[in-house]
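Below, each chain spelled out in residue letters.
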Amino acid sequence: MRRIVLRRLAQIIPLILAVIVLNFLLIQLAPGSLFDVMTSEQQITDPAMLDQLRHSYGVDQPTAIQLFKYIWSVMRLDLGFSYRQNAPVLDVIIAQLPATVILMLAATTIALVVGVTAGVLASIRVNTVWDSLISLGAVFFFAAPSFWLGIMMTVLFAVKLGWFPVGGMRTIGSDYGALGDALDVMHHLVLPATALGLFYAATYARVMRASMLEVFRLDFIRTARAKGLSRSRVVIAHVMRNALLPIVTLLGLQLGTLLGGSVVIEAVFSWPGIGSLLFDSVMSRNYPMVLGVLVLGSLLVAVANATVDLVYLRLDPRIAGR
Amino acid sequence: MLASTLDFVRRFARNRGALVGFVLVLTVIGVALAAPWMFPRNPLRIVGRPEIWPFTSWRYPLGTDSLGRDIAAMLAYGARTTLLIGLFASLTATVIGIGVGATAAYLGGWVDEVLMRCTELFQTIPNLIFVLTIVAILGQKIEYVTIAVGIVTWTPIARLTRAEFLSLRDREFVQACRAMGMGNFRIMLGEILPNALPPVIVLSSLVIAGAVLFESAVSFLGLGDPNVSSWGRLIGDGRTLIRTSWYICAVPGLAIMLTVLALNLVGDGLNDALNPKLRDR
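Taken in order, these protein sequences are the chains called H and B.
Take 0 as the starting number for the first sequence in numbering that gives the first Met the number 0 and just add one per residue.
Take 0 as the starting number for the second sequence in numbering that gives the first Met the number 0 and just add one per residue.
Reference listing, derived: stretches of chain B covered by chain H, where coverage requires no fewer than 3 residues with Cβ under 8 Å from a Cβ of chain H: (1) 111-122; (2) 132-138; (3) 218-232; (4) 236-247.
From chain B, some residues computed to sit far from chain H (all C-beta separations above 10 Å): (5) Pro53; (6) Ala162; (7) Gly182; (8) Asn183; (9) Asn194.
No lab work stands behind these hints: they were computed from the structure.
The beta-carbon is built from N, C-alpha and C at its ideal position, and this holds for glycine as well.
Kindly generate the complete structure, drawing on both the sequences and the hints.
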């Protein structure tokens with residue numbers, strides 16, 4: 000088991016290396032010199048400083064050497080310096096990362112709870128009004144852009160009804176103590192996490208329904224029924240447990256999309272995570288920051304993906320033998 | 000040929016959702032084509048009083064935005080942008096996906112290994128972040144947005160194509176072609192591809208829906224092409240007014256949702272009609 004874990008984690012390294020090379024290629028693709036844009040956008044005019052920067056970015060060297068230097072510096076976790084925030088890129092991103100992780104976790108939780116419940120309900124009440132209503136809801140939420148859902152929810156629940164705050168992560172100037180602060184963050188989290196999570200809830204509901212119906216037909220379910228187990232026990236302990244496996248796979252596959260989705264949702268709700276950071280950085284053409292977010296975002300997804308794979312291994316011992 | 004076409008149409012039409020979707024898609028296409036005729040003037044032009052609510056004025060049935068621009072006109076022109084980007088992004092994704100998937104499966108060995116690792120790489124990179132990075136570096140042009148969306152959506156197509164090619168690669172008819180001395184390229188394109196195409200087409204049609212959502216997010220963030228009218232951008236522009244005139248956001252959002260919904264329904268219908276074996280799944 001330990002070897003499997005280590006091997007799976009080792010697979011992340013070439014992936015991240017490739018992301019770094021891709022980053023480098025993107026920089027090379029840019030029209031004009033990225034260095035010129037960078038320095039002019041950050042309003043660096045002092046010739047001595049320009050020379051120093053040119054040297055530290057290695058702009059005066061051949062492409063291969065530049066690539067090597069770039070990989071080497073990223074490997075040492077040096078993602079460059081952001082003059083806008085006057086801090087190393089890595090520090091800025093790490094400071095903003097927790098907010099995004101919280102948002103992603105909350106959205107995933109909502110998606111799982113809503114999606115799995117709806118899928119199970121639809122499958123045990125198959126071909127009834129419930130089933131149709133759930134399928135209809137899933138079709139709609141599968142097609143609605145999350146940022147638009149977020150805005151519409153803000154209009155209804157924040158502006159008209161006043162139940163939730165319009166944006167941000169904390170009430171400004173508040174000090175409720177540790178527990179109070181946590182509750183405050185959760186209160187701010189409800190709308191963005193729901194807006195982000197409903198799309199995935201729709202996906203999970205559809206997959207869960209289909210996979211439940213598939214498992215219901217299998218022989219061991221007939222055996223479980225023949226043993227005289229109650230219906231709820233069959234559904235929960237036998238059908239659901241097996242039907243959840245495709246959901247875990249899907250969860251792992253969609254992490255990259257989820258992180259991308261949180262970028263837009265953070266922009267809608269002024270949620271102070273790396274999405275907002277990316278958005279500001281793109282707007283101000285702060286390239287070291289944009290590329291830093293891309294590298295660290297990919298790393299986050301790669302690690303989370305490996306985790307999901309390992310969880311899958313625990314859930315489905317049939318795979319571990321391979 | 001005619002019989003099989005009729006058969007296809009019958010199977011497609013049996014799915015009521017697919018029919019509804021098809022009619023909706025046709026409507027959006029119709030509006031997109033008729034936009035210059037229905038609204039001959041520049042849709043980004045200011046035409047009347049700002050913030051006229053929908054259904055309150057005959058001249059502006061869907062109201063006007065914060066600047067007094069006709070929402071109906073912007074919506075009609077936005078349909079062109081949305082459909083064009085969706086179509087070309089999906090085309091880009093399909094070409095890359097088929098190229099990668101087919102080559103990987105047909106040549107196998109280390110080529111397969113390398114190409115599949117590349118596919119994994121593109122699956123790992125958070126796709127919207129990648130699109131924004133590409134647009135930020137290359138510039139806010141409609142071509143770049145389209146290509147960027149294509150670049151992040153080809154991976155499922157590559158995987159599916161690879162799977163289809165793997166199952167067809169060693170069939171008798173392919174062996175026969177090889178025995179006849181056909182080249183690899185000709186066998187891949189002329190013999191295997193047509194047989195592998197039906198499920199790939201279904202997936203491509205679903206990729207259009209995904210591409211529409213991507214484009215709307217990019218323009219919503221204000222990173223789309225500033226010179227074209229787009230549904231996502233309309234929502235982005237209307238955001239500041241949600242306290243008073245939330246309809247400015249609501250109307251284009253509904254348009255996006257209905258279009259994506261319709262494309263998904265058509266995709267499902269195509270799936271039923273083209274892959275009858277899978278229908279019960």
